[in-house]
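K.L.:
Taking the hints into account, I'd like the entire structure generated from these sequences.
Everything in the sequence shown is counted per UniProt numbering, starting at 1 for the first residue and increasing by one.
No lab work stands behind these hints: they were computed from the structure.
Please note that the accuracy of each hint is not assured.
[Stated by the list, open to error] Label pairs and their computed distance ranges (CB to CB):
#1 E161 <-> S108: 23 to 29 Å
#2 I170 <-> A72: 35 to 41 Å
#3 A195 <-> N162: 53 to 59 Å
#4 Y141 <-> Q185: 41 to 47 Å
#5 M191 <-> L136: 37 to 43 Å
#6 D148 <-> I170: 37 to 43 Å
#7 T65 <-> D165: 44 to 50 Å
#8 A62 <-> D104: 17 to 23 Å
The beta-carbon is built from N, C-alpha and C at its ideal position, and this holds for glycine as well.
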Amino acid sequence: MNHNHKGGCCHGSGSHHHTEQDHQDHDHHDHHDHDEHNHAHGHGCCGGGCCASRKSAAPLSAEETEFLIQLAQTPYLPLTRFVLKSTKSNHFESVALAPVHLKDKTDSMEVVKSTGAVLKSLEERGFLTLDYEEPLENGNYSEYENSDLYAYFKETVAQAENHDDYLYDIPELELGSIALTYSGQQAIIKMDQKA
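P.N.:
Here it is, written out as structure tokens:
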């Protein structure tokens with residue numbers, strides 16, 4: 001797949017989009033950093049997954065604890081990412097902002113990026129999964145479609161269409177889901193025991 005990035009709308013990283021084949025090649029329980037396109041598998045630098053074990057054993061931040069408690073009450077939550085596509089070629093596709101989980105449709109870029117950092121940290125620890133192949137069947141994604149940030153994203157893409165050399169002219173909201181893992185459940189049990 002040929003990627004050509006022209007800056008990052010919404011100040012995102014412009015990272016590559018995982019295709020369906022990518023997800024077939026990797027088990028969904030492996031941990032993917034979708035924003036940076038890096039893969040952290042159990043057989044990585046430390047061997048045997050001890051890196052992940054050390055991360056999961058590290059103290060949780062207040063924000064991470066709060067999100068795990070939220071997941072304990074609702075094991076599956078909606079997730080999205082802002083994707084750029086092109087009418088010039090089906091091969092051009094870029095992730096502008098991910099992961100995106102809103103607390104409110106008026107959430108600012110700063111709030112969304114802060115929440116995204118919490119999600120990626122919990123994913124790296126193995127406490128949750130961020131899956132863009134499995135959107136929630138009854139998920140309420142209208143809040144995302146009507147959010148201030150997505151409106152800004154679409155406006156940014158529309159303005160860029162005036163430049164002949166800009167390849168990405170289609171803004172798309174890609175739907176996904178956040179799920180609590182077994183390790184995440186165990187972390188919550190430990191928190192309950194300490195409470």
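K.L.:
If a hint holds in the structure, say so; if it does not, say that too.
P.N.:
So, going through the hints one by one against the coordinates:
no.	hint	verdict
1	E161 <-> S108: 23 to 29 Å	holds (25 Å)
2	I170 <-> A72: 35 to 41 Å	holds (38 Å)
3	A195 <-> N162: 53 to 59 Å	holds (56 Å)
4	Y141 <-> Q185: 41 to 47 Å	violated (25 Å)
5	M191 <-> L136: 37 to 43 Å	violated (25 Å)
6	D148 <-> I170: 37 to 43 Å	violated (20 Å)
7	T65 <-> D165: 44 to 50 Å	holds (46 Å)
8	A62 <-> D104: 17 to 23 Å	holds (19 Å)
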